[in-house]
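Let's have the full structure, built from the sequences with the hints guiding it.
Number of protein chains: 2
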Amino acid sequence: MTPIEIALAEARAAGARGEVPVGAVVTDAEGRVLARAGNAVEARQDPTAHAEMLAMREAAAARGEKRLADCTLTVTLEPCPMCAQAASLFRIRRIAFGAYDPKSGGVEHGARIFAATSCHHVPEVTGGHRESDCAALLRDFFAALRD
Amino acid sequence: MTPIEIALAEARAAGARGEVPVGAVVTDAEGRVLARAGNAVEARQDPTAHAEMLAMREAAAARGEKRLADCTLTVTLEPCPMCAQAASLFRIRRIAFGAYDPKSGGVEHGARIFAATSCHHVPEVTGGHRESDCAALLRDFFAALRD
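Going down the list, the protein sequences come from chains S and Z. Start counting the first sequence at 1; every next residue gets the next number (the UniProt record's numbering). Start counting the second sequence at 1; every next residue gets the next number (the UniProt record's numbering).
Don't read these hints as lab results, they were simulated from the structure. Mixed in with the good hints there might be a few duds.
A pair holds if it fits inside one copy or across any two, identical chains being indistinguishable in the list.
Simulated crosslink set (SDA-like; lysine to any residue; CA at most 25 Å straight-line) [stated by the list, open to error]:
id, residue 1, residue 2
1, K66, E131
2, K66, G128
3, K103, A115
4, K66, H129
5, K103, E30
6, K66, L145
7, K103, R67
8, K103, F114
9, K66, R130
10, K103, A29
11, K103, E124
12, K103, R32
13, K66, F141
14, K66, A29
15, K66, D46
16, K66, V41
17, K66, D133
18, K103, S118
19, K103, G64
20, K103, V20
21, K103, R63
Given the structure is predicted, the values throughout are model-derived calculations rather than measurements.
In structure tokens:
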């Protein structure tokens with residue numbers, strides 16, 4: 001599976017657990033998976049337990065290092081400002097995300113974390129990976145909640 | 001001790017452990033301490049282990065709730081964008097911080113998290129509490145590193 005497919009699988013699994021379906025994976029320079037995670041805000045009753053935070057913290061812990069300078073964070077949804085800033089603190093090299101998030105995103109929208117001149121480390125960012133699949137998961141999840 | 005004195009004590013303890021000296025405390029509407037923490041980035045090799053993140057997560061865990069809507073976060077340094085966004089996600093009512101942080105702050109500087117129109121929850125914020133004491137701790141810590 002490609003990284004975005006792994007992230008999608010994590011997102012689907014999160015949705016099946018009643019979490020907002022977002023998934024993330026951290027891969028190293030050789031494409032090896034260091035950590036993968038789905039959103040766990042409800043299970044942990046912790047609003048910081050976004051998929052990206054869990055995957056980056058687990059990847060760093062697996063390595064015993066606080067920096068992930070050669071790594072790519074792949075995630076199904078545009079990161080929020082907390083996760084974007086965390087990616088900067090982890091020195092993540094690249095971020096590849098799926099769906100854009102005009103409401104809560106912090107990369108292309110809102111606080112636009114990496115556009116601040118005081119942002120000390122700016123990853124390369126690309127959005128729109130498997131965008132329709134990533135967005136459909138979220139749309140279907142919230143539609144089901146409203147029914 | 002007042003909340004800022006507790007935060008200062010946590011900051012001093014963090015500095016003594018070789019961490020950047022920042023401390024935080026979460027208090028409820030009655031002023032009871034729910035959680036207190038110092039920066040633990042080096043000890044945990046986790047760049048997200050900022051004092052505020054640890055204190056808010058511990059406070060929520062202690063309550064078994066993901067929201068801290070009646071709570072005040074008191075911290076010796078202006079929160080970074082990650083911690084500011086996390087405070088919004090926890091629905092923190094008030095933030096009281098000590099020193100301003102033009103270099104890495106995300107409240108009065110940089111990404112200015114709470115100024116984004118898409119920020120769903122904006123705490124009341126006051127800065128400058130015991131400002132000189134909070135700033136001196138950081139200044140002395142970095143001066144010692146350079147020596």
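Indicate which option fits the pair K66, A29 if close means a Cα-Cα distance not exceeding 25 Å: within, between, both or neither. Within one copy only: 16 Å inside, 35 Å across.
Using 25 Å as the alpha carbon limit, work out where K66 and E131 are close: within a copy, between copies, both or neither. For K66 and E131, the Cα distance exceeds 25 Å both inside one copy (30 Å) and across copies (29 Å).
Classify it for me, K66 with D133: is the Cα-Cα distance of at most 25 Å met within a copy, between copies, both or neither? Result: close neither inside a copy nor across copies, 32 Å intra and 29 Å inter.
25 Å Cα threshold - placement of L145 relative to K66: Cα proximity of K66 and L145: across copies only (19 Å, versus 38 Å in one copy).
Which holds for K66 with V41 at a C-alpha limit of 25 Å: within a copy, between copies, both or neither? Answer is both: 23 Å inside a copy and 8 Å across each meet the 25 Å cutoff.
Between copies, within a copy, both or neither: which fits K66 and R130 at Cα up to 25 Å? neither (30 Å within a copy, 31 Å between copies)
Checking K103 and A29: alpha-carbon separation at most 25 Å within a copy, between copies, both or neither? neither (32 Å within a copy, 30 Å between copies)
At most 25 Å between CA atoms: does that hold for K103 and F114 within a copy, between copies, both, or neither? both (17 Å within a copy, 14 Å between copies)
Alpha-carbon proximity between K103 and R67, which holds within one copy, between copies, both or neither at 25 Å: between (29 Å within a copy, 20 Å between copies)
Checking K66 and D46: alpha-carbon separation at most 25 Å within a copy, between copies, both or neither? both (22 Å within a copy, 5 Å between copies)
Taking 25 Å as the upper bound on the Cα-Cα distance, should K103 and V20 be classified as within, between, both, or neither? Cα proximity of K103 and V20: one copy only (14 Å, versus 34 Å across).
Have a look at K103 and R63 and pick one of within, between, both or neither, based on CA distance no larger than 25 Å. neither (34 Å within a copy, 29 Å between copies)
When each numbered hint is compared with the structure, violations occur for hints 1, 2, 4, 5, 9, 10, 12, 17, 19, 21.
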